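S.K.: Below, each chain spelled out in residue letters.
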Amino acid sequence: MYAQMVKSTGERPKTLDEMTPEERAFQQRVDADIKIEPKEWMPEGYRKTLVRQISQHAHSEIVGQLPEGNWITRAPTLDRKAILIAKVQDEAGHGLYLYCAAETLGVSRDEMTEQLLSGKAKYSSIFNYPTLTWADIGAIGWLVDGAAIMNQVQLQKCSYGPYSRAMIRICKEESFHQRQGYDIMMKLCAGTAEQKEMAQDALNRWWQPSLMMFGPSDKDSVHSAQSMAWKIKPMSNDELRQKFVDQTVPQAEYLGLKIPDPDLKWNEGKKGYDFGEIDWNEFYEVLRGNGPCNKERLDARRKAWDDGAWFRDGLMAHAQKAKARRLAAE
Amino acid sequence: MTTAVKTDLAIFELALRMGDNALILAQRVGAWCGHAPVLEEDIALANVALDLIGQTKMWLSLAGEIEGRGRTADDLAFLRDARAYRNVLLAEQPNGDFAHTLMRQFLFDAWHHPMLLALKSSCEKRVAYIAGKADKVVRYHLERSEDLVIRLGDGSEESRERMQAALDALYPFAGELCAADAIDSELAERRIAPDLSGIGESYIAYLKRTLGEATLNAPWDAATRKGGKNGMHTEELGYILAEMQWLQRAYPGAKW
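Protein sequence lines correspond, in order, to chains A and B.
Here our numbering is used: the first residue of the first sequence is 1337, the next is one more, and so on.
Here our numbering is used: the first residue of the second sequence is 3, the next is one more, and so on.
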């Protein structure tokens, strides 16, 4: 999702018998759905896993500004331009809440930024794909935000209080994002043949990358069990992916678009859709930094940070001068 | 004009000038999204761009209504060529470094806010209505611009140098905001818009005070660069429009 392949402890969860008294008391609170708050004792593995997950989520919001921001100056009407700006602005705001949530676990925003820019921290693979046409803005809202909501709705129940509360706030805004994306697709699909073709082409390109947002298949997801035991991650990757497919196929049908998967078919037995194997090689390549836009995205973030150094330093210098003047006047 | 509709050209021009300033500046500012020096600035600039797009819609809708030929705000935004655009040259100047973007915004806001305050008393009700809607948010734009110009001017050595370089480059464009032409004089006479020379005097006094606090010095005697209000733009505008109008031009008549 916005956090894919978050490393946890790498070990199976301990049984209650194997835990220290502190760990046991902690696990019992989690099991009883009592939220864990910043100043409470928590296992170091829990804290580290959460920092990785929340910061990865925050970085995804920040990098996620770029593919959509790419169309702000070219949005086709004044209303579309305003809505797109508002949406990209929301993403920056989500990044801000999430960095704050991570800061409650003892890591600073500057440290997290450094980890992003050095390539040490990851962000969602989805933002390494290019936005080539206006329909991509529709497809991102519809599919990418649709997938994000699916993940974030369950994260509202996360055991860590600040993260759970950030998710509640974020979910309210995300549903508007998805609607605006679908609205763009509806307009295109009701438009000229060229517009409809643009919409189909966008779906063709964004479908698989959207499914990859949920992370590797459960059988290859080594870190999920501990995260699920800690209720950092209430549902598994495959469960969420299935829900997403089941929700999205009828939406595509309503638009008159074809999901680009020859193996997609309704399975009456499971009351859900069967779908074709995902190209996991592509997924791992993108995570390794070899996606179509990995370089451009990181370069853009590094440039923003480096070019802005004088701005941040200038404000600090002014604050110091002002403080010195206040002290001198006292 | 061959149409039977009689357009009040002066009010039409006023609405275009106000709307085009907002639109072209929003187009410039919006391009920062995701590229600003800190997250808070990404958010703040998006806010400014959003406010300006909202004002664009009101002003250009009014222009279309006054013109009476059925053109919508979108028609005016996306289907006019550079010579028909009426924004001041300042608004179309490139983003440059962040100092240029901030200084451009400051020089604009410092005029925009008193202008809107004065337009609230316009005897043309539709103009007064839009000004009344816009002035509250533009007051915040000015507060923010003023604050940053002072802090960065009176900041580090580098921030001061950058802000001064931006001021040197952009101040020559500021004069156009307050330079009255025949249309402005007619609007002032008809009490639709304020006398620009009055706005200009307090504008200069305000700049002197605030830039002084920022330890910056404008090239006060520099020749004024103008022409945008009458459709004589810099070469920048053509590129802004090429980008902004691309979809509407490439797919004529399509609905988005």
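None of these hints come from the bench; they were simulated from the model.
Among the hints, a few may not be true.
[Claimed, not checked] Which residues of chain A face chain B? A few of them, derived with a C-beta cut under 7 Å, are:
id, residue
1, Leu1402
2, Ala1418
3, Lys1579
4, Ala1588
Here the structure is a predicted model, which means the values were calculated and not measured.
Glycine included, C-beta positions come from ideal geometry on N, C-alpha and C.
S.K.: Grab the minimum C-beta distance from Ala1418/A to chain B and call the hint holds if it beats 7 Å, violated otherwise.
M.R.: 5 Å, holds
S.K.: Does the CB of Lys1579/A sit less than 7 Å away from some CB of chain B?
M.R.: This interface hint is violated because 30 Å lies over the 7 Å limit.
S.K.: Given Ala1588/A was flagged as interface, is its beta-carbon under 7 Å from a beta-carbon of chain B?
M.R.: This hint is violated: Ala1588/A lies away from chain B, its Cβ roughly 20 Å from the closest one there, beyond 7 Å.
S.K.: Any CB of chain B closer than 7 Å to the CB of Leu1402/A?
M.R.: 5 Å, holds
Comparing the model with each numbered hint stated earlier shows that hints 3, 4 do not hold.
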